[in-house]
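As you go down the protein sequences, you meet chains Y and A in turn. Note that UniProt numbering gives residue 236 to position 236 of the first sequence, counting from 1, and the numbers run on in steps of one. Note that UniProt numbering gives residue 47 to position 47 of the second sequence, counting from 1, and the numbers run on in steps of one.
I should point out that these hints are in silico values taken from the structure, not numbers from a laboratory. It is possible that some hints are incorrect.
[As the list claims (entries may be wrong)] Computed footprint of chain Y on chain A, listed as stretches where at least three residues anywhere in the stretch have a Cβ under 8 Å from a Cβ of chain Y:
1. 47 to 54
2. 86 to 97
3. 189 to 195
[Unchecked claim] Just the calculated beta-carbon pair ranges, DEER-fashion:
4. A:A168 <-> Y:T71: 20 to 28 Å
5. Y:S58 <-> A:V48: 31 to 39 Å
6. Y:V17 <-> A:V48: 53 to 61 Å
7. Y:L90 <-> A:F130: 31 to 39 Å
8. A:V108 <-> Y:L62: 33 to 41 Å
9. A:Q171 <-> Y:V85: 42 to 50 Å
10. Y:I269 <-> A:G285: 24 to 32 Å
[What the hints assert, rightly or not] Just a sample of chain A residues kept apart from chain Y, beta carbon distances all over 10 Å, derived:
11. K31
12. F43
13. E61
14. T77
15. F82
16. A165
17. G169
18. L295
19. A311
Ideal placement from N, C-alpha and C gives every residue a C-beta, glycine not left out.
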Amino acid sequence: MSSVASGGGVRPSRRAVVLTTGLLVIFLLYSLAPTWFLIVSATKDQTDLYSTFGLWFSSNHLGDNLQDIWTYHDGVFVRWLGNSVLYSTLGAAGSTLISLAAGYGLSKFGFRGRGALFAVIVGASLLPSTLLAFPLYLVFSEIGITNTIWSVLIPYFINPFGVYLGKVYADSSVPTELMEAARIDGAGELRIFYAVALRLMSTGGITIFMLEFINIWNNFFLPLFMLNGERTFPVTLGLYSWLQQAQTARDMNTLVLTGSLLSIVPLAIFMFTLQKYWRSGILMGSLK
Amino acid sequence: MSTLTRPAKVATDSPARRTSPRRAGRRGAYKGLLFMLPFLLGFLATYVVPIGYAFSQSLYEKKGTGLGFGPTRVVYTGFANFASVLGDSAFWASMGRTLLFGAVQITVMLGIALLLALLLDGVAARAVRFFRAALLIPYVIPAVVSTLMWLFLYSPTGSPLLDIAERAGTQITFFGGLNTYLSLGNLLTWQGIGFNMILISASLQALPRELYEAARLDGAREWRIAWSIKVPNITGILVLTGMFSLISRLQLFGEPLIMRQIAPESINTDFTPMMEIYDKAFKVGDYQYAAAESLVLAVVTGILAFVFYRATNRKMS
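Here chain A stands alone, though its shape is the one from the complex:
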């Protein structure tokens, strides 16, 4: 605010300085860019050039001779790779699977995070601090480590979960069919609850307390206030966290890749689009096709982000 009022005051001091913002602007042009130079160069090197290079690579195809021991030739094939990717039902299946799975898992995760945030909104301050810190512990743990932890908990040998189930007289398996998704979903939900709860809590705290006064005078109960007043007022943050989560689910990679170590028959190499790209690039060795897949995935992600961005911006303003 102070920066807005200040130039006006300067202008009244001396009319000659009225032109100074423009002069400063021109002078600022190269100086501002100079401060941005390291970032801009790096951005060029790590965003623009790789995407361009991946694009140019994806216009070629590697034609092997025989068993691949002979010389392979790389020939220009135009958009043939893209056409193959667009027509690759396995690739789209992995994308659809990941998005559908993500939509369900994110709904559950945000539902629990919302419930916890609402519960904590009605609890005494000291307990809140303790619960928030404790519920955030899974977020502190690196994704690789939390995957390993759950992997051991899911493992057929030595898992305390299986011990408990056995004592209760039931048998459970964590992989195969729907169970694979439940296990993976549980892992991602466990990782994400605390973080999302913090975000939701913050926007709950930002709501003016007067909002509830009238309802309370009318005799509304806490759960009624939560559902009819608090939740409708924080849809913005729910949509936003949902959007970020869904975009990150589209890139799902490490967790299923690590889980594949003990459940290779339940989690295929093309379980998620990123796994498929990794497999095509480093196991099959088809860089050109993997590059095309990367770009298609980037475009899909970009479209998704854009749609969400527009939707949320409209909602917020």
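In isolation and in its complexed conformation, chain Y is listed as follows:
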């Protein structure tokens, strides 16, 4: 793969190799150092956090910090983690199914206004959801569903970019001939969708699920607008509320740091096991 090596015997000079490697290593350190700091800090107690060098370990208090996190406020942190898992899983699953169905409808059926509808969807996917947060809050508070799980889940379900991806996947992976054959065999449209099309679009489905899962796990502003009871917070909002308390009440910095580290773990595991899907999803998104 190396363009240098394949360049017909042109070998990079020693200086070029040193320079390239040096620059890459510098940016590698830059990328990894803050996370390293987080890992180190999660093992420290309050005094060591302020009095010892931040990029290296001192006496290990990770166990105490974890104990603190599990027990603080009746284990509210565990609940936040659970909420994040719940919101991400349900939200991503719902939005994947809705997006695949819509993308399939858009791709495989000719109807008037299809082009315009597609344009609206692409346009909407350019509109950042941050902008909608406040108008959504107004409507949801009017009908009285703010501070419920639905106030965050319903917006998560509707993902124009997912529909765009769904259409692309339906275009490329569901042959119209196969649908015709199934129709001749007497299958209904719904049956064709879930027995044939969904199976063929499964790679696309996993990609949409992944991207949406990550988005929801990382989301901060929608829950911030919609939720005001601690029990319904996702972990991002919970950590923010701890940081706010840390300014006024007791010093909760060890909790914030350890909690931050813990909140990455499920997401990191999830992403590294399925990375080829979300990577292809981002790339596809960039090509629209």
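Please arrange chain A on chain Y, whose structure you already have, making use of the hints.
Just chain A now, with coordinates in the frame of chain Y:
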């Protein structure tokens, strides 16, 4: 491609089926819409209705009596809120500040991402895989968590960066004046490098290798090939990533809001337009004005996206 050739073949089989696409189209009309129904209903509920409702709300004003303890009346004032927003210099200042800051920060971020992608384009395959995975780690970390991490690194107490600076004999502060922007810019750049590098890398890999052969035979060096051949051929992706980044910068919210926790005197409540909207809505309680601001921000974003979309589409085709 196969879907394009297939109907023609069917048509030659039996001329009577020639009308079938139209029939299928009409039949497909409601079936296609039926599959879209959940999305369309949801879209109506989470895009169309909220925007319409926000618009109708923004036509009213809350008139308080005295200290606000008495009954407040909501009165129709037409476009008065919009007029106020359009004339609100603080609102436009926060928008201008955010866009200017974004333009500088995005240039730096994309510059570094491009440099890294070009460097990796010339390195052996195994190392590439390792570096790509490692450089992507910041992207894996939720924005709230990466903000918290950097917040502790910027914090006056216990920051290893300050320790290092002190040992080097200098004193640094991360907030106040230009430093506030540098700190915020560093955080956003740190988050965005890996992701943008992946996109740029992908379009570099898509370039045909023959492009370089002639230059190489002429004795061009690698950096010369990178600058004169590789970069001009991937401007499309650079413009596109730049556009998405700038649109998302206009919505900048969580990072400065969290940083405000330790630097309230450097980051005001109207530091970015979204922060201003949040403050107006939930601290001041003026929903009507916040709704008008949201819509103005949405229109500005829409115009920006449209301009970019047209520009890039022309460039790509």
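Do three or more residues of the region 189 to 195 of chain A come closer than 8 Å to chain Y, measuring C-beta to C-beta? Per the Cβ count (4), the hint holds.
If we take the beta carbon of G169 of chain A, is the closest beta carbon in chain Y still more than 10 Å away? Since the minimum Cβ distance to chain Y is about 17 Å, G169 of chain A lies beyond 10 Å and the statement holds.
Using Cβ atoms and 10 Å as the threshold, tell me whether A311 of chain A really stays out of contact range of chain Y. Fine: 14 Å to the nearest Cβ keeps A311 of chain A off the interface.
Is it true that the C-beta distance of I269 of chain Y to G285 of chain A lies inside 24 to 32 Å, as the hint says? 42 Å, violated
Checking a non-interface call: every C-beta of chain Y should be farther than 10 Å from the C-beta of E61 of chain A. Is that right? E61 of chain A clear of chain Y: closest Cβ-Cβ about 15 Å, beyond 10 Å.
Range hint compliance [Cβ, L90 of chain Y to F130 of chain A, 31 to 39 Å]: 35 Å, holds
Does the Cβ-Cβ separation between A168 of chain A and T71 of chain Y fall within 20 to 28 Å? 41 Å, violated
Distal placement of T77 of chain A relative to chain Y, Cβ over 10 Å: 17 Å, holds
Would the least Cβ to Cβ distance between F43 of chain A and chain Y come out above 10 Å? The claim breaks: F43 of chain A does not keep its Cβ more than 10 Å from every Cβ of chain Y (closest is about 6 Å).
Against chain Y, does L295 of chain A hold up as non-interface, every C-beta pair farther apart than 10 Å? 8 Å, violated
Just double-check F82 of chain A for me: nearest Cβ-Cβ distance to chain Y has to come out over 10 Å. 15 Å, holds
Taking the Cβ atom of V17 of chain Y and the Cβ atom of V48 of chain A, is their distance within the range 53 to 61 Å? Distance hint for V17 of chain Y, V48 of chain A holds at roughly 57 Å.
This entry does not satisfy hints 2, 4, 5, 10, 11, 12, 18, going by the numbered hints stated previously.
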